[in-house]
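**Q** Quick mapping for you: the protein sequence lines, in order, are chains A and B.
Residue numbering for the first sequence follows this note's numbering, starting at 551 and increasing by one per position.
Residue numbering for the second sequence follows this note's numbering, starting at 465 and increasing by one per position.
Among the hints, erroneous ones may be present.
Calculated cross-link-like contacts (lysine to any residue; reagent style SDA-like; alpha-carbon spacing at most 25 Å) [to be verified]:
1) A/Lys802 / B/Gly724
2) B/Lys714 / A/Asn647
3) A/Lys974 / B/Ser735
4) A/Lys974 / B/Leu545
5) A/Lys680 / B/Lys584
6) A/Lys802 / B/Val640
7) B/Lys739 / A/Lys680
8) B/Lys739 / A/Thr717
To give a feel for the contact side, a few chain B residues facing chain A, derived at Cβ under 10 Å [to be verified]:
9) Gly638
10) Ala643
11) Trp645
12) Gly728
13) Glu732
14) Ser735
15) Trp746
Far from chain A by the CB rule (all over 12 Å, computed), these chain B residues [unchecked claim]:
16) Lys467
17) Leu529
18) Leu561
19) Val623
20) Pro671
21) Ile692
22) Thr693
23) Val705
24) Phe743
25) Tyr750
26) Ile756
27) Leu765
28) Ile768
Because the hints were derived from the structure by calculation, they are not lab data.
Keep in mind it's a predicted model, so treat the numbers as computed, not measured.
Every residue gets a Cβ at the ideal spot worked out from N, C-alpha and C, and that includes glycine.
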Amino acid sequence: MKNLKLASVSALSIAAASFAQSAAAEDLTLCWAAWDPANALVELSKEFEAQSGHNMSFEFIPWPNFADRMLNELNSGGKLCDLLIGDSQWIGGGAENGHYVKLNDFFDSEGISMDDFAEATVYAYSTWPKGTPNYYALPAMGDANGWFYRKDWFERDDIKAAFKEATGRDLAEPKSQKELLEIAQFFQEREIDGKTVYGASIFTERGSEGITMGVTSALYPWGFKYENTPGSYDMDGAVNSPEAVEALEFYKEFYETATPPGYTNSYMGESLDAFKSGQVAMAMNWFAFFPGLYADPNTGGDKIDFFVNPPQNQAGSTLGGQGISVVAYSDKQDAALEYIKWFANPDVQAKWWELGGYSAHNSVLNDPGFKDSAPFAGDFLEAMGSVQDFWQEPAYAELLLAMQKRLHDYIVADQGTAQEALDKLVEDWTEVFEDEGKL
Amino acid sequence: MSKTPITRAAAATPVRVARKVRGLSDRAIAWIFVGPTIFLLLAINIFPLIWTIRLSFTNFKANRLNREPEWVGLRNYERILTDSDIWLNMQATAHFLFWTIFFQVLIGFTLAYLINKKFKGNDLWTTIIVLPMMLSPAVVGNFWKFLYQPQIGLFNYIVAFFTGKDPSSFEMLGSVDLAPWSIVIVDTWMWTPFVMLICLAGLRSIPDYIYEAAEVDRASKLRQFFTITIPMVLPFLMLAVLFRGIENFKMFDLVVQLTGGGPGSTTELTSINLKREAFEKWRTGYASAYAIILFVTVFGLASIYVKALNKVKER
Chain A
551 MKNLKLASVS ALSIAAASFA QSAAAEDLTL CWAAWDPANA LVELSKEFEA
601 QSGHNMSFEF IPWPNFADRM LNELNSGGKL CDLLIGDSQW IGGGAENGHY
651 VKLNDFFDSE GISMDDFAEA TVYAYSTWPK GTPNYYALPA MGDANGWFYR
701 KDWFERDDIK AAFKEATGRD LAEPKSQKEL LEIAQFFQER EIDGKTVYGA
751 SIFTERGSEG ITMGVTSALY PWGFKYENTP GSYDMDGAVN SPEAVEALEF
801 YKEFYETATP PGYTNSYMGE SLDAFKSGQV AMAMNWFAFF PGLYADPNTG
851 GDKIDFFVNP PQNQAGSTLG GQGISVVAYS DKQDAALEYI KWFANPDVQA
901 KWWELGGYSA HNSVLNDPGF KDSAPFAGDF LEAMGSVQDF WQEPAYAELL
951 LAMQKRLHDY IVADQGTAQE ALDKLVEDWT EVFEDEGKL
Chain B
465 MSKTPITRAA AATPVRVARK VRGLSDRAIA WIFVGPTIFL LLAINIFPLI
515 WTIRLSFTNF KANRLNREPE WVGLRNYERI LTDSDIWLNM QATAHFLFWT
565 IFFQVLIGFT LAYLINKKFK GNDLWTTIIV LPMMLSPAVV GNFWKFLYQP
615 QIGLFNYIVA FFTGKDPSSF EMLGSVDLAP WSIVIVDTWM WTPFVMLICL
665 AGLRSIPDYI YEAAEVDRAS KLRQFFTITI PMVLPFLMLA VLFRGIENFK
715 MFDLVVQLTG GGPGSTTELT SINLKREAFE KWRTGYASAY AIILFVTVFG
765 LASIYVKALN KVKER
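Kindly produce the complete structure, drawing on both the sequences and the hints.
**A** As structure tokens, then:
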């Protein structure tokens with residue numbers, strides 16, 4: 551009888567324990583874009599699964615559809631994602647429309663300090679209204695638009711001599727935007743190993759955000775500002791300033807004189823393809839792709855090197871990257887917050903960088919060995935020191951699409967002048983802010 | 465009394481049900497049958513239309529549900545009708561509509577006329593010709609995007625072969641002048657078979673004895689073509705034009721795959737622009753007004769056209 555009682559108690563204990571386990575274990579879904587760092591995150595998250603007992607599922611959407619798909623999901627109050635690594639520009643809409651959970655109390659209770667993360671990333675990925683201590687995301691993936699080039703071509707004596715003869719200076723990484731264009735024009739339609747190659751691949755995509763991200767990489771070094779006074783929405787004279795006009799004309803000249811034929815609707819994928827196929831000498835793209843590019847067996851390793859977006863009137867790079875947020879419609883917010891807590895851990899952040907993700911944690915970035923940890927690590931740090939982002943307003947999609955249209959009309963379709971394009975852009979944006987009740 | 469299906473069904477009806485139905489008039493029974501359909505029609509067609517009309521007078525945004533929409537009267541309509549960019553989209557749509565229909569009718573009728581002649585392999589050729597319309601527009605768009613590629617595209621090489629031009633010297637999808645024609649070419653390639661099939665049906669519906677009578681009257685082949693073939697196929701042709709016109713007015717997938725509306729806004733048809741306003745910018749009120757304007761335009765044009773079609777049929 552005693553044995554029977556013992557067996558019953560044991561069985562009940564096992565059943566209770568397994569019930570408790572199954573009640574605590576959640577199936578969490580994390581949504582992000584489908585690209586190289588996402589694969590690294592899957593690998594990293596295995597550690598979280600082992601520690602917490604939660605199961606992680608991932609929903610990765612190709613970049614061209616990422617914003618459409620995810621914003622539809624949020625706007626419809628969908629429960630697909632418990633965690634979302636959303637683009638930096640969504641933070642305003644995420645906060646004001648109630649899509650993201652405000653994380654201040656959670657950070658306070660768990661001892662997570664935003665001072666432990668790079669200031670630029672906290673400002674860009676986490677705060678709304680901008681710069682205020684209201685946090686809706688934890689910086690997850692630092693990123694900026696940078697450049698990479700065929701180092702093996704740059705080091706060839708015949709090419710170096712030809713460049714010296716053509717320009718009077720040595721072929722090296724460009725120190726300004728104008729040098730960048732000069733190098734790209736030098737390579738344009740040049741015969742290398744019996745093959746015609748082209749200057750550079752730049753962003754010209756019309757549908758989502760491509761051409762805006764490319765053009766702002768020229769606008770920011772020229773000193774582009776969105777407003778005369780921050781927060782005032784007075785754009786006339788800032789957005790269409792003489793410097794902005796010059797930068798836009800520069801980008802158009804770049805497109806017309808130094809890119810491969812048919813390069814009218816190109817973004818990240820096309821840039822990578824052009825470079826990997828040996829079609830271009832240089833290419834712009836997000837730092838997120840650089841680990842993969844360096845590892846490429848054909849054009850990586852000794853054949854590739856990287857540089858930060860060159861300055862002109864000032865240093866300036868277009869900000870990429872994202873913060874990780876808890877979706878307000880999720881039924882598993884506690885487990886999602888557990889993930890954020892785990893992800894904020896310095897050891898996890900160090901492993902994140904090791905696997906190919908760009909950590910924004912100071913313990914990783916300020917490590918003395920960080921600059922030498924990858925050939926592009928130093929450039930990444932430099933870029934993050936001068937990043938600028940697009941509007942992060944709740945109406946960002948309207949603002950972005952207006953800019954996409956005006957830029958593509960001028961640069962690719964060759965309609966009107968740079969001044970007209972920017973003047974029209976000011977009109978479009980003014981209308982948007984009037985509708986928003988901010989003007 | 466022989467057992468018909470009706471008597472069998474009546475016998476099988478349970479007595480309680482039969483008693484209930486027996487008391488109903490024919491009109492009431494008709495309503496029972498038609499009712500669900502009318503309800504569905506009201507729920508998924510009429511109600512959304514009325515709701516859209518209502519939204520078109522507001523500044524409602526479907527992604528800002530926490531913001532109370534304001535009544536803006538006719539402001540959305542005024543903005544749309546005075547927006548020069550939208551008129552450019554309308555022009556791009558009109559260009560696409562006119563030329564696709566023109567080429568599809570011309571080539572479709574010619575093909576139907578040839579296929580209608582009896583020759584060896586007639587059926588095989590018909591099958592081959594109709595293949596493009598069996599493909600998905602997304603597949604066709606991607607497929608032609610490669611064909612139009614300036615460096616590796618077959619289309620550019622064929623043009624280069626005949627003209628002696630450098631294949632990479634022109635960009636079908638990237639040039640403001642050529643992009644509108646590139647989408648016309650693809651749509652014509654894809655949908656000419658559809659027009660051909662309708663024309664073929666028209667040609668095969670003409671009784672042989674009419675031609676035989678014309679032969680007896682010593683009418684030339686050309687005269688037979690213009691006085692018999694064309695008038696008798698005309699209603700079919702007009703029907704094909706109506707179908708293609710309605711389809712191409714809402715053309716979206718093929719053009720998005722090919723050009724995405726670019727370069728600039730050169731091939732941004734109204735449907736693409738409307739989608740951007742409604743589901744990318746989320747200007748729901750504005751997009752509703754836009755949709756109503758397009759609806760009225762298509763409805764008005766289609767009504768006029770159908771009247772003309774009926775007149776042709778009556779002749």
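**Q** Please check whether the beta-carbon of B/Val623 is more than 12 Å away from every beta-carbon in chain A.
**A** holds (14 Å)
**Q** Can the restraint linking A/Lys802 and B/Val640 be considered satisfied, given a maximum Cα separation of 25 Å?
**A** With Cα atoms ~15 Å apart, A/Lys802 and B/Val640 stay inside 25 Å; holds.
**Q** Just want to verify: B/Thr693 was marked as not at the interface with chain A; is every Cβ pair farther apart than 12 Å?
**A** holds (44 Å)
**Q** Are A/Lys680 and B/Lys584 close enough, with their CA atoms no more than 25 Å apart?
**A** violated (75 Å)
**Q** Does the nearest C-beta of chain A fall within a distance shorter than 10 Å of the C-beta of B/Ala643?
**A** Hint holds; B/Ala643 Cβ to chain A Cβ min 9 Å, cut 10 Å.
**Q** Taking the least C-beta to C-beta distance, is B/Gly728 closer than 10 Å to chain A?
**A** Since chain A brings a Cβ to about 3 Å from B/Gly728, closer than 10 Å, the hint holds.
**Q** Going by Cβ atoms, does B/Phe743 stay more than 12 Å from chain A at every point?
**A** B/Phe743 not clear of chain A: closest Cβ-Cβ about 7 Å, inside 12 Å.
**Q** Are B/Lys739 and A/Thr717 close enough, with their CA atoms no more than 25 Å apart?
**A** Roughly 48 Å separates the two Cα atoms, so the pair is violated.
**Q** Classify the label on B/Lys467 as holds or violated, using whether its beta-carbon is more than 12 Å from each beta-carbon of chain A.
**A** Label holds. Min Cβ-Cβ 56 Å, cutoff 12 Å.
**Q** Is the Cβ of B/Ile756 more than 12 Å away from each Cβ in chain A?
**A** Holds: least Cβ distance 19 Å, greater than 12 Å.
**Q** Given the hinted pair A/Lys974 and B/Leu545, is their alpha-carbon gap at most 25 Å?
**A** holds (18 Å)
**Q** Does A/Lys802 pair with B/Gly724 here, judged by a C-alpha cut-off of 25 Å?
**A** holds (20 Å)
In terms of the numbered hints stated before, the structure departs from hints 2, 5, 7, 8, 11, 14, 17, 24 and 25, listed from lowest to highest.
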